[in-house]
Amino acid sequence: MKIALFATCIVDAMYPQTARATVKILERLGHEVIFPSGQACCGQMHINSGYMDEALPVVTNHVNAFESVAYDVAVAPSGSCVASVKHQHPVLAERCGDAALKARAEAVGAKTYELSQLLVDVLGITNAAEQLGSHFPHKVTYHPSCHGMRSLKLGDRQLDLLKSVGGIEFADLPEADQCCGFGGTFSLKNADVSSAMLDDKARNIESTGASLCAGGDASCLMHIGGGLSRTKSDTTTLHFAEILASTITEPVSVTGDILVGKAGVR
Amino acid sequence: MSNVFMGMPTLPVFGDGNLHIEETFPTAAHRELGNTQMRANLRHATHTIRDKRLKVVAELPDWEELRDAGSATKNLVMANLPALLEEFEKNFTARGGIIHWARDAHEANSIVAGLIKEQNTTEVVKVKSMATQEIGLNEYLEEQGISAFETDLAELIVQLGHDKPSHILVPAIHKNRTEVRDIFLAEMPNVDPNLTDEPRLLAMAAREHLRRKFLSAKVAISGANFALADSGTLAVVESEGNGRMCLTLPETLITVMGIEKLLPGKEDLEVFMQLLPRSSTGERMNPYTSLWTGVTEGDGPQNVHLVLMDNGRTAALADKYGRTALNCIRCSACMNVCPVYERTGGHAYGSTYPGPIGAILTPLLTGITSEENSTLPYASSLCGACYDACPVKINIPEILVHLRGEDVDSKRGEKKLPSQMDLMMKGGSWAFSSGKHLGLLEKGLPLGKLAAGRDKKIKALPGIAAGWTQSRDIPAPPSQSFRDWWKKDHTPVAATNKQEK
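Just so you know, the sequences run in chain order A and B. For the first sequence, counting from 1, position 19 maps to 19 in UniProt numbering; every step adds exactly one. For the second sequence, counting from 1, position 456 maps to 456 in UniProt numbering; every step adds exactly one.
In short, the hints are calculated from the structure, not lab data. Possibly wrong hints are sitting among the right ones.
[What the hints assert, rightly or not] Pair by pair, the computed Cβ-Cβ distance ranges are:
| hint | chain 1 | residue 1 | chain 2 | residue 2 | range |
| --- | --- | --- | --- | --- | --- |
| 1 | A | G155 | B | D409 | 32 to 38 angstroms |
| 2 | A | D199 | B | K117 | 51 to 57 angstroms |
| 3 | A | E250 | B | K164 | 55 to 61 angstroms |
| 4 | A | D199 | B | V191 | 50 to 56 angstroms |
| 5 | B | G427 | A | K2 | 52 to 58 angstroms |
| 6 | B | G114 | A | G155 | 53 to 59 angstroms |
| 7 | A | R203 | B | A466 | 21 to 27 angstroms |
| 8 | A | T231 | B | P193 | 43 to 49 angstroms |
[To be verified] Only part of the chain B face toward chain A is listed, based on derived beta-carbon distances under 10 angstroms:
| hint | residue |
| --- | --- |
| 9 | A72 |
| 10 | N75 |
| 11 | W430 |
| 12 | F482 |
| 13 | W485 |
Every value quoted in this text rests on a predicted model; they were computed, and no experiment measured them. Glycine residues also receive a C-beta, built at the ideal position from the N, C-alpha and C atoms.
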């Protein structure tokens, strides 16, 4: 299968190892991964902040980028960006009075999957240890990000994949379904409320005794990880793609640094 | 635009009353977050109601279908509101009731005050009602020399404590029972000075206090949960029986209701009476449901009035993307599951309607250009818990985003310097609308790495970004973006798996 990777802006610029891990998993399964070079961002930050006029060129660029190349499906290692592509892009196009863009955005959205959706629903992965060779001998807890959980209805796809990783020790996160408080520019405009939500999330994570909290959205993980870092916690955050990419021969450390292998340095 | 025509001027009439908040949400939230007792009370209360709701909702195999039916019925009502209102008026009037139309809070207040004065009384008892909170009826009546006694236990606590409700269903949710005892001791006439904070004793003290009022009041004021167009029937759903007392004992009953509360007919109650109690108190059925249709000679109130109030509802109905906010049945499930509400409490929202529904309904009723109210749609991380909990499936996150758009657009014409947020969004629009632009900017990533210093953390940022670094670090950026790595270092792997999609 020919799979177009939508890296998402935050992963592209801040967490390239998450996108590399995504590529690695898919190539390990024997699929061809392409990276449409025109891609930049889903525009969610603009849309959610109410800057619709500014969001329109961002959304248009995404549609153009993922229309200009041939592929079977597109994938992104982010529930929130995929939810934006699938749900917000057509709504924005309609609001801006562009019916043609709306139809094109719907077509791109229909071919776009969040990583665990692609792995489980399309590629039939149910056991990461057996089918992907995933091995990660650490104690891990998991935060299900809101947009994946509620907009995409991912259910336990990410969680089940994580639990099937070889050597992993899994700890349930108390109040897992509670938002971490990120919310894009909410974290700036309502920084106090956002921080209060983060405090509770961080406390719950630390109570599990896990060495890291996994998740499916780099933005939420940056938020949670940033809070844990500020309080000098021993716990950190890591995208589940990196845990799935980790193998016995090419292990990934709890901080996401690839210890062995030719995938490049962080 | 909506085709609703009510014989009024065509410009939208925005709502007034207790809908205009006095300070921005972030300012109020900052203060309320410091109230640790309130936060502890709220956390306990909201989590208890949440769990109860989940349990009773899980009992119904057709819960999702019920939500769909509730949503569809309300959409139908809003699409046919003028005709349904006229049908209701005809039937209500035929049964001896009198309808009064009020365009805004002031009109509604003066109609009610006039009706009370006709009865030559200066005391009225009240059933808990959001509509009368919205218009500030108690305060208005006080100015007119009329005392209104709240008879719902929690409303009584709020009234005696000279406080404001912080929740639409449990208005004293921010108080614990010790605080309630202290309020009773200080404010309730003839209260037992040895009153403890045992809930049963508190309820008995309130009951004794209220019983005197029920038996002496000549006029009662209520709101309504539903109005049935095909019969002219009104309905109040409650837990304590105080409503039943108010609705049956006094000679005169005045109900104040927003025009959006209509349902086509009594068969619709089958759906809504399953949705409402389970979503609000987490009960299968509420203890008291009262329905009344006009006047029955020799039984119950002989003067039955209804004030049908717009107060911004027509303006909300005219908003194509926001109008489903009017479908709200005031169950409060959205605030009980909201992580923002849980931490700030209802007072931070400044309006009669707090929480997620308040963050959309308040600015829809008043118009987004109402300055402080324009901060309400941002009072959400868009986590979506409210949408999942809403019994009539109001897509609150989508309406929040829509209203943010209205807010930003409404400020575009203003001739003032762009805000930091404006500049960030303009810059972001350039950077994110082209892979080339973003790639170019990513060449600067090593600079960020440099800024992060030896511990690989960025701990302080200027301007609005300081909101981030007040409680979070940013990791040092990587030396190479994914895009760059892909171009220079990735060795393409041809597909070996011929598995078809």
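Right, here's what the structure says about each hint:
no. : hint                                  : result
1   : A/G155 <-> B/D409: 32 to 38 angstroms : 37 angstroms, holds
2   : A/D199 <-> B/K117: 51 to 57 angstroms : 53 angstroms, holds
3   : A/E250 <-> B/K164: 55 to 61 angstroms : 60 angstroms, holds
4   : A/D199 <-> B/V191: 50 to 56 angstroms : 40 angstroms, violated
5   : B/G427 <-> A/K2: 52 to 58 angstroms   : 34 angstroms, violated
6   : B/G114 <-> A/G155: 53 to 59 angstroms : 57 angstroms, holds
7   : A/R203 <-> B/A466: 21 to 27 angstroms : 24 angstroms, holds
8   : A/T231 <-> B/P193: 43 to 49 angstroms : 48 angstroms, holds
9   : A72                                   : 21 angstroms, violated
10  : N75                                   : 18 angstroms, violated
11  : W430                                  : 8 angstroms, holds
12  : F482                                  : 4 angstroms, holds
13  : W485                                  : 6 angstroms, holds
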